[in-house]
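**Student:** Numbering (the working numbering), first residue to last: 3 to 116.
Possibly wrong hints are sitting among the right ones.
Cβ pair distances, simulated, as ranges [said to hold, decoys possible]:
1) Lys32 <-> Lys77: 20 to 26 Å
2) Asp46 <-> Lys101: 18 to 24 Å
3) Lys101 <-> Asn72: 17 to 23 Å
4) Glu45 <-> Ser89: 31 to 37 Å
5) Gly99 <-> Val4: 32 to 38 Å
6) Gly90 <-> Gly27: 32 to 38 Å
7) Ala85 <-> His21: 14 to 20 Å
8) Lys32 <-> Phe64: 15 to 21 Å
9) Gly27 <-> Lys101: 20 to 26 Å
10) Gly90 <-> Lys26: 25 to 31 Å
11) Ala13 <-> Glu71: 28 to 34 Å
12) Gln29 <-> Glu74: 19 to 25 Å
13) Ala13 <-> Lys77: 27 to 33 Å
Quick caveat, the hints were computed from the structure, so don't treat them as lab data.
A virtual CB, placed ideally from N, CA and C, is assigned to each residue, including glycine.
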Amino acid sequence: MVKVPVVEGEAVTSHLLIHQLEDKGCQARKVDNGAMALQRIKEDTPDIIFVDTVMPAMDGMFFLSELRENPETSKIPVVMVTATNLSGVIPRARELGIKHVLPNPGSRSRWTER
Numbered sequence: 003m004v005k006v007p008v009v010e011g012e013a014v015t016s017h018l019l020i021h022q023l024e025d026k027g028c029q030a031r032k033v034d035n036g037a038m039a040l041q042r043i044k045e046d047t048p049d050i051i052f053v054d055t056v057m058p059a060m061d062g063m064f065f066l067s068e069l070r071e072n073p074e075t076s077k078i079p080v081v082m083v084t085a086t087n088l089s090g091v092i093p094r095a096r097e098l099g100i101k102h103v104l105p106n107p108g109s110r111s112r113w114t115e116r
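Please model the complete structure; the sequences and the hints are all you need to start from.
**Tutor:** Now the structure itself:
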């Protein structure tokens, strides 16, 4: 089973993502912010990570920088989820190795086709 932490501060969005991922057979779990996610990832390495850009304690971009600096976590695929202006997020996300940036909220077909 594919392990997927959903690093998202908004309860409604995380619930939507987790439900859609579980429908596709993934083991998804909610993580409230980037700092908590880094700790959990050290304990249990996921197959892929969904992360929001704006969160309390540690934003998504700083989380990604920390994730990429650690050789043990640098290759984990990440999907960026954002409600902010995509044109401002995509270039920085690409620099950090992000291949998929999804708008938040996204349509069901947009989430599941990725």
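**Student:** Each hint: holds or not?
**Tutor:** Now for the hints, and whether the structure bears them out:
The hinted window of 20 to 26 Å between Lys32 and Lys77 holds, with their beta carbons roughly 23 Å apart. Between Asp46 and Lys101 the Cβ separation comes to about 23 Å, which falls inside the hinted range of 18 to 24 Å. For Lys101 and Asn72, the hinted distance range of 17 to 23 Å is satisfied, since their beta carbons lie about 19 Å from each other. Distance hint for Glu45 and Ser89: a CB-CB separation of about 36 Å, consistent with the stated range 31 to 37 Å.
In this structure the hint that Gly99 and Val4 lie 32 to 38 Å apart at CB is violated, the actual value being about 19 Å. At roughly 34 Å, the beta-carbon separation of Gly90 and Gly27 lies within the given 32 to 38 Å, and the hint holds. Checked against the given bound of 14 to 20 Å, the beta carbons of Ala85 and His21, roughly 18 Å apart, stay inside it. The hint said 15 to 21 Å for the Cβ distance between Lys32 and Phe64, and at roughly 19 Å that hint holds.
The beta-carbon spacing between Gly27 and Lys101, approximately 21 Å, falls within the hinted interval of 20 to 26 Å. With their beta carbons about 29 Å apart, Gly90 and Lys26 fall inside the hinted range of 25 to 31 Å. For Ala13 and Glu71, the Cβ-Cβ distance of about 29 Å falls inside the hinted range of 28 to 34 Å, so the restraint holds. A C-beta distance of roughly 20 Å is found between Gln29 and Glu74, which places it inside the suggested range of 19 to 25 Å.
At roughly 30 Å, the beta-carbon separation of Ala13 and Lys77 lies within the given 27 to 33 Å, and the hint holds.
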